[in-house]
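Enquirer: From first to last, the protein sequence lines are chains A, B, C and D. Here the first sequence stands for residues 4 to 368, numbered as in this note's numbering. Here the second sequence stands for residues 4 to 368, numbered as in this note's numbering. Here the third sequence stands for residues 4 to 368, numbered as in this note's numbering. Here the fourth sequence stands for residues 4 to 368, numbered as in this note's numbering.
Calculated directly from the structure, the hints in this document are not laboratory data. Keep in mind the model is a prediction, meaning the values are calculated, not measured. Glycine residues also receive a C-beta, built at the ideal position from the N, C-alpha and C atoms. Keep in mind that the hints are not guaranteed to be accurate.
Listing some non-contacts, in silico: residues in chain A with all C-beta distances to chain B over 12 Å [as the list claims (entries may be wrong)]:
no., residue
1, Arg26
2, Pro101
3, Arg108
4, Ser143
5, Ala150
6, Glu157
7, Phe267
8, Ala281
9, Glu311
10, Leu326
11, Pro327
Quick look at which bits of chain D chain A covers, simulated, 3 or more residues with Cβ under 8 Å [as the list claims (entries may be wrong)]:
no., stretch
12, 43-49
13, 220-229
Number of protein chains: 4
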Amino acid sequence: MADAAPPYYWDYLALDEVLGAQRPLHGAHDEHLFIVVHQAFELWFRQILAELDQVLAALAGDDLPDREIGRVVAGLERVVTIQRVLHDQLEVLETMTPLDFLDFRDALIPASGVQSVQFRLIEHRLGLDPRTRLKVKGASYRAVLRADHAALLEDAERAPSLFDHVERWLARTPFLHFGDFDFWSSYRAAVERMLAADRATIAAHPTLDDEARRQQLAQLEHTARGFAALLGDGPYDRRLSRPALLAALLISLYRDEPALQLPFRLLQRLLDVDEGFATWRWRHALLAHRMIGGKIGTGGTAGHEYLEAAARRHRVFADLFDLPTFFLPRSALPALPAEVKSQMGFRYGGPAGTPQEWPRTGWGR
Amino acid sequence: MADAAPPYYWDYLALDEVLGAQRPLHGAHDEHLFIVVHQAFELWFRQILAELDQVLAALAGDDLPDREIGRVVAGLERVVTIQRVLHDQLEVLETMTPLDFLDFRDALIPASGVQSVQFRLIEHRLGLDPRTRLKVKGASYRAVLRADHAALLEDAERAPSLFDHVERWLARTPFLHFGDFDFWSSYRAAVERMLAADRATIAAHPTLDDEARRQQLAQLEHTARGFAALLGDGPYDRRLSRPALLAALLISLYRDEPALQLPFRLLQRLLDVDEGFATWRWRHALLAHRMIGGKIGTGGTAGHEYLEAAARRHRVFADLFDLPTFFLPRSALPALPAEVKSQMGFRYGGPAGTPQEWPRTGWGR
Amino acid sequence: MADAAPPYYWDYLALDEVLGAQRPLHGAHDEHLFIVVHQAFELWFRQILAELDQVLAALAGDDLPDREIGRVVAGLERVVTIQRVLHDQLEVLETMTPLDFLDFRDALIPASGVQSVQFRLIEHRLGLDPRTRLKVKGASYRAVLRADHAALLEDAERAPSLFDHVERWLARTPFLHFGDFDFWSSYRAAVERMLAADRATIAAHPTLDDEARRQQLAQLEHTARGFAALLGDGPYDRRLSRPALLAALLISLYRDEPALQLPFRLLQRLLDVDEGFATWRWRHALLAHRMIGGKIGTGGTAGHEYLEAAARRHRVFADLFDLPTFFLPRSALPALPAEVKSQMGFRYGGPAGTPQEWPRTGWGR
Amino acid sequence: MADAAPPYYWDYLALDEVLGAQRPLHGAHDEHLFIVVHQAFELWFRQILAELDQVLAALAGDDLPDREIGRVVAGLERVVTIQRVLHDQLEVLETMTPLDFLDFRDALIPASGVQSVQFRLIEHRLGLDPRTRLKVKGASYRAVLRADHAALLEDAERAPSLFDHVERWLARTPFLHFGDFDFWSSYRAAVERMLAADRATIAAHPTLDDEARRQQLAQLEHTARGFAALLGDGPYDRRLSRPALLAALLISLYRDEPALQLPFRLLQRLLDVDEGFATWRWRHALLAHRMIGGKIGTGGTAGHEYLEAAARRHRVFADLFDLPTFFLPRSALPALPAEVKSQMGFRYGGPAGTPQEWPRTGWGR
């Protein structure tokens, strides 16, 4: 190492390349901004991919040590923090006025953000459902890409995604079965009690007229069918598998148990990430409307309407958003038996292998 | 005044009242958050109304001195800054989990954000088109309100709105006619040159097949009809009147002239305000999805789907968003005659009444 | 309950009181903003106090179950999210210009933000060191308050703070002693190896002249004294007790162990909260400079200079910020014995009391 | 152009270069983040420089047409919007923990952010006073740079800065003299009336004891000396020249006149930019404290203490922050004569050269 020059900030960051990569086609002042903001987007997409790759690697095995969960959560938290930057970058782009954009817009055709390979990779890594994906000008989103990029994305589409890994991780949770304790029959009983009470309330309610009573009962039966589907008593047609949804439900309901605290945070961060991209797409759609009005996009899409449709449809974890549909009030939740709680806690302070009595675990004296 | 006690921070802010106004119905820890965040929303709605009232008062007269435009712009800028706070407050609300919300949610029924009188007032002050407004449970949005609040909103609905005032202000701009210079015939000629050139390009393009050529020509004729409507040569069916749209177009295209700099900023801030509320509604919809899943709202609406529909439909200044549809590239814009430019500048430095030659006005030596 | 009126949004939020509490002394348009923004600050201070109270209650006992740690972390995360709102509210206040402030500023004297009882309570709850607290006009910060408020703060000053509770919680961590494994002698040995290697490097370095070598060695001995103080081999003069600092160090270094993941997050959030208030004070100081220039504050303080000094000095968890001073690179860290790691994990899947072998715990098949 | 390939998103943005420029020295996962976030900083620094260059070019001439002011303001507004992104990027960097940083930190020595050539260029373009600039390790900040970079900065240091241009632009404002109207003697008289009234109030105040009276009078004489310096009646020792400060004062006080609306916004944006960098430095200092504790920086500086000192001292437009010191309440301001106001308005609607009577100018019917 004696010969190596000491690191220098400029060279370490390869700034000759990064700061030499702005090559406008037209040369208007704002084209420089346009290039820089998109390069910054792509730098951050690259970082998001690096985080997702690490998250996927951690989740990939069949045996995920708990110590990895903290890293997975930290990786997703970082993605959420990066998304804030992505949102603010749209505000920078919005300082460009439509008239200034028009100076160089025609020179870009047919280049377009729909050609962002990395953004498509992110969608694949997250696990966007190919069936809900919008077409681009009536064809596959890959048709607008160079052949090597299209091929790369076709491969990526087949690789297991965050959605897939999370589904498998959830489905193999050790908490769906607890020795002799049959959680789900307790849960089913609690649901039935709740529905019966609701039916009685509606039937006896003094201020409801017949029409309102009929409507509320119809609504209640809709809810009942949802529970039936979840519990295996009726047809189930969600993307996320039933065992995975049950596990997510259990984690959400008993999130205070030590062993579930990090898994619960993992689920929350998945919602955050989905929300972050949905809002980014939404704001991008508003920006496009404001920038080009009713014109079509440089890539030939339907402009802001395409982006708005993507904001609504390109959601990955919608099933997790739906989860609260199946929540029972805390007071109606089945209590976990002591031995189950014990398994979900730590045992400190004694020699290894000598479990402490619960709840004398923890940070006690 | 000799007897008055000196002002004291706590009393000046009436904190006995403000900090004594949290009265939970259930008492769960997070209900306190729920109340505080909604009270903070309402405080900010009140401030937004105060700003809009001042803006409306400034715009109301037939003779708006230029010195007022700066205040109007500053008022709208403040609203935009407040909207950032509104966005962030949603993130605070999102720290409440669905399970925690469930603890006290039933106690709130049928109270609901759809009963926010001030938010409806803001919609009226801005000028939300009653024809696009969503119904609440199949009826008027006023049906869920107390009689005095419903009456107050009915009055507010009839009062002139920001949309109305902006429309009238735009329509009476002194710049639609410039003495002998007929701007709009110059503009029409420039549009026709552009459309003709585009037609020729499509007709002669070597790589287009017949189908593509047909499609592009159809698209071009669609654009041509849009211009025709704008210029009075075809049916016009926008909410914003044609003269107002023309004035907004002119301001946007010649925004660098001193007299148009602030009017241009005024238009930009209208877009910002519309965008800010659209994004607030969008994020509110995502929050509702995450918080209650597929359940109906406490007020009986269709929950997150109602909010998402409002985000898409409750836009006030959509016609201004569409404006870039009619932009010509700067190089194709008709040049303003010198005497027109002179009228749009200042004349300093000489005795009053002795106009300087343009461009020897301004901050010169 | 049959007689109770159904909840109504306006009444539930006590909006008659909240929206009736703006009582300007002067009446300038911007005084309304000034009042609203400060009322919103106080509403959020109240919520922060509610969160801190819950956090303190959870931490108060001698036996803190691990299941409480998740709630403590969630409470602090909420405070951090609220701080974002506080930052943005300063930007709203900054839309008021100095000239507009001057319209009503004199009417407020001597009322001032230094009289915010709730902000002082937050400082006490967090555990601001009374010895570092700035005086207000040469006297106690309580001298500017009404007698009942001063008394309330005097009591609050004596109550145990977050700093106190965190210190005790850290000091009683079960991880400072691990049965037969003497962590700290391993750590001390690793430190000594590192320091010896550094000394050798400096001594043998070919490009250092005598002066540079002398300086680097002096710096190294400074570092060595820091380690000695930490490890009990030298005088220790931090506010945070030595055992607490050691525990925080251990948690930070082995944060991936399941039992330490949430405690590590707790430490991170303490830093975030401290940082959030430091930045709020800093921005408040800039705002004050811009708003009143070199004038004194309405409360008689030295204006923006007082606020800037507070930003620098009113830090609560500075000792935790200093922690990385004592970090060893991961490669030099003593490895935890298997039985220690086992105690820091969960054991699922078997009957309670039948520990699984580590690492076959966790989310495995 | 027939041969040119149509633009493609990936190539247009030179993504082979930008996304191929991450070359870690160590390879830890978080080093990728560290590189990306700094590359993103440098991309944005480049854009800020592009904006400042355009702003400087517009301000450089002796004859700045009013139509340029709008562009200057828009350029500064863009910088402010970019600063938001810079702030958020610090939060991304903060998701890296000190332990993770330690994995690769030693490999970077002596590379350091103090070697950021572009950030130094920004400081020069803004006009950081060389006399207030902190030394780096006891020497010039240029000593840590490669020779070509040091030379480039030495040149940049000598070029006229934004501070210089703003100063000259202010000093040549046409509003310091208004024909026969002697604004400054009116202003001086108003100041004297105000000071005399204050002296009388203090002398006659019933509740002041002798000591308090003495203190308040001393404070008042300090204020009086400040006014004397401003008005040329006493020694003046600010960096910003007296005529420039007077012009800034006048613009701030009469900002509602049409001709001053944009100049006023220009002054506000200068404050915003200064504030944005001050807060970025401050948060950077907190981040450094948290990341390395009491260690020295990789570049050999005093770590977070260096950054905190820079946050306090590296302010460019502090004199403009001080401006409100000299504000009079609006009620005490000298009124502008009608002919002066007329010159500050527009004259529309008549033939060029036929001034309209004020205030029948503007957006009237």
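Enquirer: If a hint holds in the structure, say so; if it does not, say that too.
Expert: Right, here's what the structure says about each hint:
no.: 1; hint: Arg26; verdict: holds, 22 Å
no.: 2; hint: Pro101; verdict: violated, 4 Å
no.: 3; hint: Arg108; verdict: violated, 9 Å
no.: 4; hint: Ser143; verdict: holds, 18 Å
no.: 5; hint: Ala150; verdict: holds, 18 Å
no.: 6; hint: Glu157; verdict: holds, 26 Å
no.: 7; hint: Phe267; verdict: violated, 9 Å
no.: 8; hint: Ala281; verdict: violated, 6 Å
no.: 9; hint: Glu311; verdict: violated, 7 Å
no.: 10; hint: Leu326; verdict: violated, 6 Å
no.: 11; hint: Pro327; verdict: violated, 4 Å
no.: 12; hint: 43-49; verdict: holds (count 5)
no.: 13; hint: 220-229; verdict: violated (count 0)
The structure shown violates the earlier hints numbered 2, 3, 7, 8, 9, 10, 11, 13.
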